[in-house]
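S.K.: Chains A and B supply the protein sequences, listed in that same order. For the first sequence, position 103 (counting from the first letter as 1) is numbered 103 according to this note's numbering, and the numbering increases by one without interruption. Remember, this note's numbering sits 1000 above the position in the second sequence when you count from 1.
Source of the hints: derived by calculation from the structure; they are not laboratory data. Positions of the beta carbon are idealized from the N, C-alpha and C atoms, including for glycine. Any given hint could be a false lead.
[As the list claims (entries may be wrong)] Example chain A residues on the side facing chain B (calculated, C-beta under 8 Å, incomplete): (1) L6; (2) R17; (3) R46; (4) R80.
Single-letter residue listing:
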Amino acid sequence: MRTEILIRLLATDARLRINLGARFGLALVVGVGCAAGLLLARYGLRPGLGQVLMTPTAAKTAVPLLTACAALWAVLMSARPAAPLLPATRALGAVVALIAGAFVVLGIAGGAEGLRRGLGNPMMMMCISAVMLISAPILVALIGGLRSGANLGPARSGALAGLAAGAAGAALYSLACDQDDPLFVVPTYSGAVLMLALVGAFAGQFTLRL
Amino acid sequence: MFLNPTFGRAVHWLWPWWRLGPAQADPTRALASVYDEDDGGASPAAEDGPDLAEAGTPSGGDGALEALMRAANRGDEGAYAILLARLIPVLRAMVQRHAPGLGPEAREDVVQVTLLTLHLKRQSWREDLPLLPWMNAIARHKAIDAHRARIARGGARRHVPIDDLADQLADPEAEDPARRHDIDKVLGAIDPRAAEIVRGVGILGESAAEIGARLNMSEGAVRVALHRALRALDVQRKRMIE
């Protein structure tokens, strides 16, 4: 086909385009809405949630939320070719370093007994599955939103979407979870988030190709 | 090659800023170098006939392209047509730079695939950023795809001096008989009504309203069908390159 013909076709198809940020935001709202509905229907909120959120235990919700925000920023930048991705990846790296650092400090403070108690908690698999379940609709919605972007690295975009979805799901699940030991929460939620990132990378490889 | 490709991809994934080659870091400089290398940059436009040549060359960073793109994203057909015409020579230069090993037809295929991608993904351009780095990143990606496909097909061909084939080459003045076949092949792969719309707009130069009257469709329905047809063409084009 001659390029001039193609240009005529494309020019005729010019019409109002909704910005990628708006599309992505809408996808996020739908995904988080579905995830919140799933959380309430299946797990409910933990008793005394209002009081818990006034204590340092609120970090269990705040840190995943912060991770989700940084990952969302990064994923949106990764869907825009030539947009600055570096500040977002640095922010995400800083949050991950903060979580890892906190785990090391708490691990040293808790000692071997604390680590054994946290990592040996029989609720771990249940919590990982719950976070993954709650995160699933967010991941599906984010990948749907990302399909209107131009993902030059589909696996990378998918992994970042998985990270964002997993972290948002973990933040939501923390409202239901009554296990507050940081040596349990950090590895459990991080494990679930990493698994979501792997799922996202795999899905992105096939669904987000430019 | 001393660097394993998988390792290279992993490094790129982990350190995205390493991907910023000179073209992305400073597109103006990159384009300038392309024009230096390609003898002024006017020649690609001239190949496209009077319509595109009249549209002139892209502005040198005064925001005119961005203004046109913003207008296009708000539905201004005229602005979009001017923008596309201005971008074509730049895009050809970019593809030439990113895919110097491809032949002219393969490069034009990459230009068309890139154009379609730019069109279908234009909402991914951030309106406060320059347009050309965004376009260059997509063109580079498509050129790499084409290279990979060529290598996968075993297309790293032996060099044959053109003088040896002079008596077999087609007359450059004559109409390319493959072109009509190419259009028919592409249109044959999409819905017949959509193909009729594409033919009407692209070949006969009809407006959406005229096609609507002819096919007993509303103008809006013609536009929706055209958009779907373009998406289908994008898929077809990708398959043809791969």
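S.K.: Against chain B, run the beta carbon of R80(A) and see if the smallest gap drops under 8 Å.
M.R.: 5 Å, holds
S.K.: Against chain B, run the beta carbon of R46(A) and see if the smallest gap drops under 8 Å.
M.R.: 37 Å, violated
S.K.: Quick one, is the R17(A) hint okay against chain B at 8 Å, beta carbons?
M.R.: With Cβ-Cβ at 4 Å, under 8 Å, it holds.
S.K.: Hold the hint about L6(A) up to the distance rule: shortest CB distance to chain B must be less than 8 Å.
M.R.: 6 Å, holds
Hint violations for this structure: number 3 only, all remaining hints satisfied.
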